[in-house]
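*Asks:* Could you slot chain B onto chain A? The hints should help.
Chains A and B are the protein sequences, given in the same order.
Everything in the first sequence is counted per the working numbering, starting at 5 for the first residue and increasing by one.
Everything in the second sequence is counted per the working numbering, starting at 3 for the first residue and increasing by one.
Just so you know, these hints were derived from the structure itself, not from any lab.
Just so you know, these numbers come straight off a predicted model, no measurement behind them.
Hints should not be assumed to be uniformly reliable.
Said to hold, decoys possible - No farther apart than 27 Å at their CA atoms in a straight line, the calculated lysine-lysine pairs in the DSS-like style are these:
1. B:Lys-81 to A:Lys-287
2. A:Lys-300 to A:Lys-266
3. B:Lys-12 to A:Lys-300
4. A:Lys-60 to A:Lys-294
5. B:Lys-81 to A:Lys-176
6. B:Lys-68 to A:Lys-287
7. B:Lys-38 to A:Lys-294
8. B:Lys-81 to B:Lys-34
9. A:Lys-287 to B:Lys-48
10. B:Lys-12 to A:Lys-333
11. B:Lys-35 to A:Lys-294
12. B:Lys-68 to B:Lys-34
13. A:Lys-201 to B:Lys-48
14. A:Lys-294 to B:Lys-36
15. A:Lys-60 to B:Lys-36
16. B:Lys-52 to A:Lys-287
17. B:Lys-75 to A:Lys-287
18. A:Lys-294 to B:Lys-81
19. B:Lys-34 to A:Lys-294
20. B:Lys-48 to B:Lys-18
21. B:Lys-35 to A:Lys-58
22. A:Lys-176 to B:Lys-34
23. A:Lys-58 to B:Lys-36
Unchecked claim - Chain A is nowhere near these chain B residues, computed Cβ spacing over 12 Å in every case:
24. Met-3
25. Ala-4
26. Phe-14
27. Asp-29
28. Arg-43
29. Pro-50
30. Lys-52
31. Tyr-53
32. Lys-75
33. Ile-76
Idealized CB from N, CA, C, for every residue including glycine.
One letter stands for each residue in the lines below.
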Amino acid sequence: MAYKYFIDNREYVDALRKSGDLVDIMQEVDWDLELGAIVRRVCEKKGPAPFFHKIKDYPGYRAFGAPIATWRRFAVVWGLNPEASIPDIVEEWRKRTSGPVYKPEIVDKKDAPCKEVVIIGDDVDVFELPAPMVHDGDGGRYIGTWHFVVAKDEETGFVNWGMYRLAIFDEKTLVGPVLPFSDMGRIFYQKYEPFNKPMPVAIVIGPDPLSAIASLAPTPLPEPEFAGQLIGEPVKLVRCETCDLYVPATAEIVLEGELLPKVRLEEAPFGEYTGYRTSPRDKRNVYRIKAITMRKDAIMTVSNMGVPVDEGQLLRSFTLAMDMEQLLKSQGLPVTGVYMWPESTHHLLVIGVKPIYSNIAQQVGSLVLGSKAGPWFHIVVVVDDKTDVYSLEDVIHAICTKWHPVRGTILMREGAGTPLNPFASPEERFAQRAPKVILDCTFPLDWPKPLVPIKVSFDNVYPEEIQKKVLENWKAYGFKD
Amino acid sequence: MAEYDTFITKNFEDLKEEEEVVGIIRDLTPGKKKYKSICARFIISKDPNKYPDRLWIRLGRGQLVKDHPCSVKIVEMFKPY
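With the rest of the complex left out, here is chain A (with noise of 0.2 Å):
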């Protein structure tokens, strides 16, 4: 049986506007700088997502920007109340990613959106869709920031949908990375670039906002299938006309072409999730596009990455520690909560445990950092399970309290990285390494008991009957709270 959810990014935009989490603007906007800048600013006041009646140029098109760069939008994509608690969400989360597991339903072309408008071939013109130039000094004008990318391995016919940035080149040509490790990576380096052999992809730029959260959040599973499991019924997904792969018939705008083997072209710089350029410009991979397809008034999606909070900082902050919780758990370890807040750009991780054994929290260090998303992030705090991993009070204390800098660190000199790490050196992020700690902030297991420090704390240095007696006569104290 279905969850709420938003058949697509226009049914999502009317439930923003409804719980005052959008801003309508009808004045001309220029997607030369000033609508990224506006998203920029949105994200940086934690704002309501921007959406633009008119660009410059482009008229019949409009743009979304910031999709979900907060708590309450993302608590709207799950059909909660946007003041939702991020326990309330993470619980959300637990329900439907532990439910079963739709394959994808194939729909007629008369049936998709998505195929509105058809343009193959030598009419193919990507300069005709409203690409922002999203930061000064961006490499190029960013069509891809709040899209998937859908590739196929012929061999095992194994999905993948992926959220891999892409630049305008010019006309017919995009270009964008494509790290080894990541799982189009994988399926390209292995299977099509050693034979020479294009890879046939398609862009989806707009998709409804659970499939964009299934093509970023890691999983095991094809994100098609993935996407069916966080809807509760099958996505509904139509053929591309180029080629052999399939895509949310309800997106706004597809561009099907395909990822060429052994060519570069330059790219970047871009403004990335850590909130800084790091990675230089430096020849990419190159995307070649066949064909265009969208819904008539197509509505151009913009995530403008930079200081948090944006949406790629919440999603994956959110999502990896979901993956890390579930691999820790499946393990068998005594953990009571893993999280990662936004602003740490998804790189500190917070993993709560019943410290029932000695160098505990090396063992689950040890686990996600070794883990396949470990070169994601680099910091690993450790708290008891009497610290709230959600409350940054909580853990702040237990580090600079519990935490012994010498004892309480474990470092990993040498690990695997990406080279978006700005504190990385030039030749660390060249050769994709990075360094590694995890803090230890949980009090040593071999000390006496009566030599363990005692919490202050109203709920822990005073006798239930005077808690009791203090919270049934808050209010009549003259408390409001």
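*Replies:* Just chain B now, kept in the frame of chain A:
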């Protein structure tokens, strides 16, 4: 006069002038095709009036060298692949 920009990975002071280079320039003509990338052979001069077209230099992470407009002579444009 057409206007372009290009990215360099070295310092502006090390930019080689009066030598034919193969690289990518971006067309800054206002309109829908602004920022279109073009593969080309071209010659740069730090004298902004020497060649017919304006060229702006950006460093490796997008920093515009705004105090030193250059000029460029495009010898040939060609397809990227």
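*Asks:* Against this structure, judge whether each hint is valid.
*Replies:* Hint-by-hint comparison with the structure:
no.	hint	in the structure
1	B:Lys-81 to A:Lys-287	16 Å, holds
2	A:Lys-300 to A:Lys-266	36 Å, violated
3	B:Lys-12 to A:Lys-300	45 Å, violated
4	A:Lys-60 to A:Lys-294	26 Å, holds
5	B:Lys-81 to A:Lys-176	11 Å, holds
6	B:Lys-68 to A:Lys-287	25 Å, holds
7	B:Lys-38 to A:Lys-294	18 Å, holds
8	B:Lys-81 to B:Lys-34	20 Å, holds
9	A:Lys-287 to B:Lys-48	26 Å, holds
10	B:Lys-12 to A:Lys-333	49 Å, violated
11	B:Lys-35 to A:Lys-294	18 Å, holds
12	B:Lys-68 to B:Lys-34	24 Å, holds
13	A:Lys-201 to B:Lys-48	43 Å, violated
14	A:Lys-294 to B:Lys-36	21 Å, holds
15	A:Lys-60 to B:Lys-36	13 Å, holds
16	B:Lys-52 to A:Lys-287	30 Å, violated
17	B:Lys-75 to A:Lys-287	24 Å, holds
18	A:Lys-294 to B:Lys-81	16 Å, holds
19	B:Lys-34 to A:Lys-294	20 Å, holds
20	B:Lys-48 to B:Lys-18	9 Å, holds
21	B:Lys-35 to A:Lys-58	18 Å, holds
22	A:Lys-176 to B:Lys-34	14 Å, holds
23	A:Lys-58 to B:Lys-36	18 Å, holds
24	Met-3	20 Å, holds
25	Ala-4	16 Å, holds
26	Phe-14	15 Å, holds
27	Asp-29	10 Å, violated
28	Arg-43	15 Å, holds
29	Pro-50	21 Å, holds
30	Lys-52	25 Å, holds
31	Tyr-53	22 Å, holds
32	Lys-75	21 Å, holds
33	Ile-76	16 Å, holds
Consistency with the previously given hints fails for numbers 2, 3, 10, 13, 16 and 27, ordered from lowest to highest.
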